[in-house]
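Student: Residues per chain, in single letters:
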Amino acid sequence: MPAIKQKQLYYDMVKQSAPKPRVWRNTFWAFVVGGLICLVGQFIIVFFRTRGLDVNEAGAATSATLVFLAAFLTGLGVYDEVSRFGGAGGIVPITGFANSMVAPALEYRAEGMVFGVGARLFNIAGPVLVWGIVTAWVAGILYYFFR
Amino acid sequence: MAARQKNGKQTVWFQNPPVIISAASVVGSREGEGPLGKTFDRVVYDTYYGEKTWEKAEQRMMLEAMQKALEKANIQDSDIDFMLAGDLLNQIITANFTARALAIPFLGLYGACSTMYESLALGAMLIDGGFAERVLVGASSHYCTAERQYRFPTEMGNQRPMTAQWTVTGAGAAILSREGSGPVITHATIGKVVDLGQGDPQNMGAAMAPAAADTIISHLQDTSRNPDYYDLIITGDLGAYGKKLAVQLISQNGYDISERCSDCGILIYSPSQDVHAGGSGCGCSAVVTCGYLIENLISGKYKRLLGIGTGALLSPCSSQQGETVPGIGHAVAIEMR
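These protein sequence lines map, in sequence, to chains A and B.
Counting along the first sequence from 1, when you hit position 13 you're at 12 in numbering that gives the first Met the number 0, and nothing is skipped either side.
Counting along the second sequence from 1, when you hit position 209 you're at 208 in numbering that gives the first Met the number 0, and nothing is skipped either side.
The set of hints was computed from the structure by calculation and includes no laboratory data.
Values in this document were obtained by computation on a predicted structure and should not be read as measured data.
In this text, a Cβ means the ideal position worked out from N, Cα and C, and glycines have one as well.
Please note that a few of the clues may not be correct.
What the hints assert, rightly or not - Derived pair list, reagent style DSS-like, types lysine-lysine, alpha-carbon separation capped at 30 Å:
hint, chain 1, residue 1, chain 2, residue 2
1, B, Lys55, B, Lys37
2, B, Lys8, B, Lys302
3, A, Lys6, B, Lys243
4, B, Lys8, A, Lys4
5, B, Lys191, A, Lys14
6, A, Lys4, B, Lys191
7, A, Lys14, B, Lys243
8, B, Lys191, A, Lys6
9, A, Lys19, B, Lys243
10, A, Lys4, B, Lys243
11, B, Lys8, A, Lys6
As the list claims (entries may be wrong) - Label-pair ranges, simulated between beta-carbon atoms:
hint, chain 1, residue 1, chain 2, residue 2, range
12, B, Ile297, A, Phe84, 41 to 49 Å
13, B, Gly198, A, Val129, 18 to 26 Å
14, A, Thr26, B, Gln4, 56 to 64 Å
15, A, Lys14, B, Ala1, 37 to 45 Å
16, A, Val22, B, Glu322, 25 to 33 Å
Isolated chain A, as found in the complex (with noise of 0.2 Å):
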């Protein structure tokens, strides 16, 4: 049999045999472990909100509670439980951004503080930034040129 012919017919046998994903069960979490972190976030605007902060120095210090929180869950743990469960809503909100940031700062610790924290903090969150920035100025561009 030509090679050709034998991966695709090899390709359609792993195709069946492959379990579907379970998107609609996998959604449903996501949605309810994103939206309870985002209750938390909101119990903690009105936190602040009740101590006398104004609306944008509310938010950002939810922000900072938030990623502290996350960081804190990471350590001890708990926090790839959450998204493992979860899935997207666990990643999606702030708190995955610092998931994936104190995640690689405990695993490359082995590795010395400059060449295994240093160079690896940004391993999973170097990629966010950098398309988030260079999509960022591209809207940017457009924006001033078409408005």
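Fit chain B to the supplied structure of chain A, relying on the hints for placement.
Tutor: Chain B alone, transformed into the frame defined by chain A:
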């Protein structure tokens, strides 16, 4: 002219089948809590095993498995002619650093997750070829060291597809000897690297299944045996989906192994342990072979088995550059006489 001790294209047979005089295994907590937990010599509950790094913990596990095997055979490291071992880490540091601690002439091996069977096959050849009296073989893997090398930091939250497998934390070691009592190695079939174009590193079972199937078919053809010659045909770490594919590929070639086949990666965990498709890693086939399989050969549950170590020959670099995942499978026939 064909080599004297070769059958067909890929299989060698042993004139005086080397004996597995002892075998030992050390595993992590998840493996210890699995259905085969009682068949392992030691269960380590701390992923660091009292060391500073996971790499050191893995080395300690491999060293202890080897020392335990020596202890069970009641011999010293000076009684061993060669040590053959390997693991998954870059430059096989676990095996190299373990060999540093044992003063035994050493050959490092890399066959990805097939390493245990590669070492059994080569060790048996060294002995039957008259180059050694006793050979120490082994392989190891550690969930945390493999995860950080191949995928993400361990504390990083992400969701794995159902086809993904869980790297076994554990080390297995065995001592092969020209003389002694125990199960013997009668044949070894050296696998070819087979690639049917699977590129998903999260579905390694599918990448390795064609290689496992190819080796099993070659073994049966080379030895003119039927699958029912063996009580058990067991693959290394194809996982639930890979095993299905291998059985299907083999049946397309006219052999039915579905009644007597299993997979170390499926046996080592129970479905409730949430490891998705099953176990993987060098340690998977190593600890199941050195624990459960050898134990059941000695107890008489199995008389003849064919083990196939299966390896996915990828690296993070090859995957990121868009390469497909080639697979390999080495088969070793182990019998109780």
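Student: Which hint numbers doesn't this structure obey?
Tutor: none
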